[in-house]
Amino acid sequence: MAQRRTAWTRLTTPFANIPASTATTLALAMWVVVIGGWALLSYGRVVPNMFLPTPGTVLQTTYRMSLDGSLFYHTLTSAKVVILGFIVSSVIAVPLGLWMGTYRAVQAPLEPLVNFIRYLPVTSFVPLFILWIGIGIEQRIAVIFFGTFFQQLVMISDCARSVSRDLVNASYTLGTKRSEAVWHVIFPAALPSILDTLRVTMGWAWTYLVVAELVAASSGLGYISLKAMRGFQVDVIFMAIAAIGLLGLITDTAFRILRARVAPWAP
Amino acid sequence: MGTLILNATSQTVAGSRVVMTETVKANNPAGTAHTAGDPRPAGTTMAIEDVTLRYGDANGVLALDDVSLKVAKNEFCVIVGPSGCGKSSLLYLAAGLNDVTSGSIKVDGREVIEPGPDRGMVFQSYTLFPWLTVRANIEYGPKRKGLPAEQRRQIVDQYLNEVGLAPFADHYPAQLSGGMKQRVAIARALANDPAVLLMDEPFGALDSQTRGTMQKLLLRVWERQQKTVLFVTHDIDEALVLGDRVLVMTARPGKIKAEIKVDIPRPRSMDVILEPDFIALKRRILGLLHDEIDEDH
Chain A
1 MAQRRTAWTR LTTPFANIPA STATTLALAM WVVVIGGWAL LSYGRVVPNM FLPTPGTVLQ
61 TTYRMSLDGS LFYHTLTSAK VVILGFIVSS VIAVPLGLWM GTYRAVQAPL EPLVNFIRYL
121 PVTSFVPLFI LWIGIGIEQR IAVIFFGTFF QQLVMISDCA RSVSRDLVNA SYTLGTKRSE
181 AVWHVIFPAA LPSILDTLRV TMGWAWTYLV VAELVAASSG LGYISLKAMR GFQVDVIFMA
241 IAAIGLLGLI TDTAFRILRA RVAPWAP
Chain B
1 MGTLILNATS QTVAGSRVVM TETVKANNPA GTAHTAGDPR PAGTTMAIED VTLRYGDANG
61 VLALDDVSLK VAKNEFCVIV GPSGCGKSSL LYLAAGLNDV TSGSIKVDGR EVIEPGPDRG
121 MVFQSYTLFP WLTVRANIEY GPKRKGLPAE QRRQIVDQYL NEVGLAPFAD HYPAQLSGGM
181 KQRVAIARAL ANDPAVLLMD EPFGALDSQT RGTMQKLLLR VWERQQKTVL FVTHDIDEAL
241 VLGDRVLVMT ARPGKIKAEI KVDIPRPRSM DVILEPDFIA LKRRILGLLH DEIDEDH
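Protein chains in written order, with the numbering used here: chain A, 1 to 267; chain B, 1 to 297.
If you're looking for bench data, these hints aren't it; they were derived computationally from the structure. All C-beta atoms in this analysis are idealised placements derived from N, C-alpha and C, irrespective of residue type, glycine included. Hints are not guaranteed to be accurate.
As the list claims (entries may be wrong) - If you only want the chain B side, here are some residues facing chain A, beta carbon under 10 Å, derived:
1. 55
2. 109
3. 110
4. 113
5. 115
6. 135
7. 175
8. 178
9. 179
10. 198
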């Protein structure tokens, strides 16, 4: 059946699988289009180089800043801020979210408050954080925390709440006590979706980096790109953005591997 | 809902004469009639007395109306009824997963107030723990009980063999077919050595061939293990192939309408469905159920 279909039919059939080689080719082609388009616009002077640097300049800058160690230094500072903020947030959000999704008595008081806070723009809290926490790394971690925690809480609570009732009921008929259900049933059952939530919110944590380094930072990828803006070093901004994207891609892959390791049973 | 059966539709079903005599008894509002007739009066494992279930407040839907029944030790008791008659609700009450509105349920003389490992349950939906292997799923109950590892291993091995899944001990539920999952669910419930095994349409989601295989397997396990079973189904063939006794429920609100002893000798093969005795019993139950469905519309 499948062999009688042409490649074109397969490509245009909803949900149909395509060969891995085709998928890779398409993914690479996308990058070629993006970078090619960029090269065309910059080398062809369609956009002045002051606004759009050429890929060559960005690579040169990257090479130069890698050699003197500054790229590594700023990346490390940023990674530290994002990862610390993310860890502090997750360590509280996972157990609290599980509780919230499991017990109505925890959900009832928390949910209205959390849903109010999570729609507040993080940037509007930066002055407050500076006032309260100062301008050290703690302030930047607080921004990442604030940006991710409340989103995580709501999502993890949903993960817990969507655990099948019959799974919990079955565990009761096997001798699980009510107080044990969270740890023995709801947590492991929700674990794959909790890990998915962490992976998605890790991405959001990276997007708050520039906001976190907007004020009073003296190092980090967000900081150098803000500084570069003042000096019209568009190539540095491009490099910093690419570095953030790349780090996001790496943490995303790490989470995928972690999920496959920790929850091998889940599809 | 009060008076049933006394309409013309029962004429069309052969055997309806029997239906009428039985229904009179079951409709006795005193609710005293249907506790009689245990096939093995030696000991009662489960006694459901005057149980009423109403959802919501006093004006809520009446799901079960004054249901009484007893399940004898080692008896295989089956409840059949039209869909929505509350037969599953009755099992959830017996398991302690829901609270009765009035009445009482006792297992081995102790009143059911919450779920416990003395009442194992097999659900219609697949409820294996997806993060545990087949072995760990079966081991779950004995582990909660705090049995030592060596004893747990023996129990798990015994029930793995009993349901024929020893080669799949280290598989995860996602790697099993529907029938295999329910076999593990049965093994998992039995590994806890419950006083009564509650089965809520456990084969309802399976295709008819797998269902037949599962019925055969369940009969074999039951005959060897000697367990008390309360089994809910809407499949009359299944009820008669498996049960010592079949209780027919009315449509909502659920009541026990009739009680039919299944005198077909054991061990039963699947071919039993072709025998005249079986067909006569089936005709009686069909008649009882048809009246319910006719009344509904």
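These are the hints, each one checked on the structure:
no. : hint : verdict
1   : 55   : violated (16 Å)
2   : 109  : violated (19 Å)
3   : 110  : violated (15 Å)
4   : 113  : violated (12 Å)
5   : 115  : holds (4 Å)
6   : 135  : violated (13 Å)
7   : 175  : holds (9 Å)
8   : 178  : violated (15 Å)
9   : 179  : violated (18 Å)
10  : 198  : holds (8 Å)
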